[in-house]
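One-letter residues, chain by chain:
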Amino acid sequence: MVEKRLMYGNHALVEGIIYAGCRFFAGYPITPQNEVPEYMSIRMNEEGGVFLQTESEIAAINMLFGAGAAGVRATTSSSSPGISLMQEGISYIAGADIPVLIINVVRGGPGLGNIAPAQSDYYQATRGGGHGDYFTITLAPNSVQELFEFPRLAFELAEKYRNPALILADGLLGQMMEPVEFTFEPIDPKTLPEKNYALTGCKGRERRVVRSYDLRSGKLEELNWKRYKKYQEIIKNEQRYEVINDNDADLMIVAYGTCARVAAATMKMARDKGLKVGLLRPITLWPFPKDKLAELGARINNFLVVEMNCGQMIDDVRAATRFRPQIHFHGRPGGGVPNPPEVLKKIEEILGGAQ
Amino acid sequence: MKLIFGRPAGLTEVNQRYCPGCGHGIVHRLIAELLVELDIRERAVGIAPVGCAVFADEYFNCDMIQPPHGRGPAVATGIKRARPDCILFSYQGDGDLAAIGTAETVHAAARNENITVIFINNAIYGMTGGQLAPTTLPGMRSTTSVQGRDTGKQGYPIKVCELLAGLDGPYYLERCALDTPKNIIRTKKVLKTAFQNQINNKGFSLVEILSMCPTGWGMTPVQSKKWISEVMSKYYPLGEFRNRAKEEK
Ligand SMILES: Cc1ncc(C[n+]2csc(CCOP(=O)(O)OP(=O)(O)O)c2C)c(N)n1
Ligand code: SF4
Ligand SMILES: [Mg+2]
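Note that the protein sequences, when read in sequence, are chains C and Z. Counting in our numbering, the first sequence runs from 1 upward without gaps. Counting in our numbering, the second sequence runs from 1 upward without gaps.
Below, simulated SDA-like cross-link-like pairs (lysine to any residue); rule was C-alpha separation at most 25 Å, straight line:
#, chain 1, residue 1, chain 2, residue 2
1, C, K203, Z, K202
2, C, K195, Z, I40
3, C, K345, C, F329
4, C, K226, Z, V54
5, C, K229, C, G130
6, Z, K202, C, F51
7, Z, K202, C, C202
8, C, K226, Z, F55
9, C, K160, C, Y19
10, C, K203, Z, E37
11, C, K195, Z, E58
12, C, K203, Z, T12
13, C, K203, Z, A9
14, C, K203, Z, K192
15, Z, K192, C, R208
16, Z, K189, Z, R7
17, Z, K188, C, C202
18, C, K195, Z, T12
19, C, K219, Z, Y18
20, C, K219, Z, V14
21, C, K219, Z, H69
22, Z, K192, C, R207
23, C, K203, Z, D85
24, C, K219, Z, E13
25, C, K203, Z, R43
It is worth saying that the hints were derived from the structure and are not from the lab. Since the model is a prediction, treat every value here as computed from it, not as a measurement.
Can you make the complete structure from the sequences, with help from the hints?
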């Protein structure tokens with residue numbers, strides 16, 4: 001039988017990172033994710049791994065660049081303002097095709113904002129975030145179980161495509177307590193395959209260079225097209241989502257992370273009232289599950305996008321459904337969290353008006 | 001025929017693109033010789049800066065990485081902690097190390113991170129066309145201080161060795177120069193110590209090298225050397241600022 005334990009989200013995330021065979025963590029404290037480095041410092045010590053509390057998020061992401069280039073699994077965790085500081089480094093990492101894991105426990109913004117849960121970094125997470133043509137594979141967990149499982153998935157995708165991966169969470173998920181099933185055996189880092197780009201010293205082989213620049217005429221253009229092809233592969237192969245009650249739905253809620261939990265509760269209340277509501281939960285925010293949405297958009301007339309921001313993912317929903325259905329929005333920016341009654345009210349307005 | 005002077009195995013066959021009389025090429029050669037002499041070329045990972053030496057990743061015949069401007073010590077830390085058997089050297093200019101990368105420099109030193117930092121102080125931003133550097137001398141001209149550095153408006157230079165010597169962390173700090181053959185020989189000896197410290201797991205070593213930038217300074221190569229001897233090394237005195245090996249004795 002698989003082991004089951006009641007855990008805090010932030011602790012499950014740390015265990016998930018350790019279970020994924022990652023033994024390198026660098027980060028700078030910021031609320032609401034401080035339990036991650038705190039618990040990580042203890043766990044890395046127990047596992048003989050590397051834990052570095054850095055002088056800044058800039059240093060942290062560059063340490064990840066080094067560790068990732070040296071071929072080991074490496075993670076940093078932060079929250080919105082810290083992730084903004086990392087963007088230059090993430091751009092270099094993407095430009096050098098190095099897999100690393102970045103966790104953003106999103107808080108209210110812009111600026112210092114507040115420490116309440118938010119989803120206002122969606123654009124930043126799904127459009128690259130820093131300078132240049134690149135994307136980061138972005139996963140959005142909505143349970144403590146997924147906080148445990150997604151680091152492994154993120155590393156597998158990151159390494160398969162040689163690309164940085166991001167887990168986008170929020171403070172609510174981190175503070176939540178839920179049972180976690182330890183669905184896989186911990187990965188021993190020693191069993192992970194050697195990387196053919198890793199900087200290890202050039203004994204017995206040609207020297208290797210890790211860099212994001214190329215000043216030779218036409219070369220950088222070529223490299224960007226090559227990376228573009230990789231992104232097309234990821235878009236084709238890796239769209240992940242959960243879909244519930246779409247068969248008879250008059251309205252589909254589209255929501256991820258904490259909002260998807262609110263949406264699931266709302267859907268149940270709506271169904272109890274006889275309203276045919278379904279839910280599409282994107283699990284990968286990049287690549288966005290646009291193929292599934294295209295299919296749903298062709299046959300369902302109403303969509304309600306619920307986000308903890310002023311409306312960011314809604315652009316992707318509009319584009320994926322080709323602007324055919326009615327797309328409605330319920331959002332709470334600046335650290336506001338929508339609750340099921342207010343979402344239900346919105347649904348009743350939409351479907352009442354539509355009937 | 002006996003070969004008495006050639007390209008050391010620590011350098012690739014690529015032709016370096018530095019200006020005539022530039023100090024970078026001299027330091028590259030010294031490092032390359034040491035990679036061979038200390039038998040660390042196959043364990044080495046070098047960090048190229050953002051600056052005129054950005055192409056160092058093509059020049060050194062060992063594994064190399066090219067990080068964002070100023071972040072060399074952080075990237076070196078990541079590699080060293082992940083692969084403690086590797087020998088890390090971070091090669092950086094004054095803008096890279098003492099302006100945009102000040103925090104990474106200071107904190108790597110404070111952690112006594114077991115890496116070797118090679119700091120090329122040419123008192124100017126060579127690559128971007130000769131702008132004011134954090135090490136530009138008072139009164140010295142640059143393209144953003146055409147009347148000379150006005151300390152009232154542009155403040156004072158940063159003396160990196162003196163600054164880091166205020167920390168308990170660093171193991172070894174020394175400033176040398178490339179103005180005379182004697183000083184070049186000394187520089188090689190200091191670089192050797194800095195690498196040996198890392199091999200012996202002693203911690204953070206930084207070698208500051210006063211280096212010619214004839215192009216940025218608007219001087220001939222010969223004038224540039226003379227200027228280091230007569231002016232620059234007066235402001236930035238040569239010598240050892242920290243050597244814990246001596247304290248340990
Ligand atoms: C984030 C960022 N800011 C600015 C630059 C532009 N830049 C490139 S090199 C350089 C200065 C380099 O000067 P220094 O470190 O002294 O090296 P030198 O060329 O003198 O050897 C600057 C400002 C950059 N590449 N990245
Ligand atoms: S500009 Fe200065 S530092 Fe750069 S290559 Fe020319 S002489 Fe060397
Ligand atoms: Mg300079």
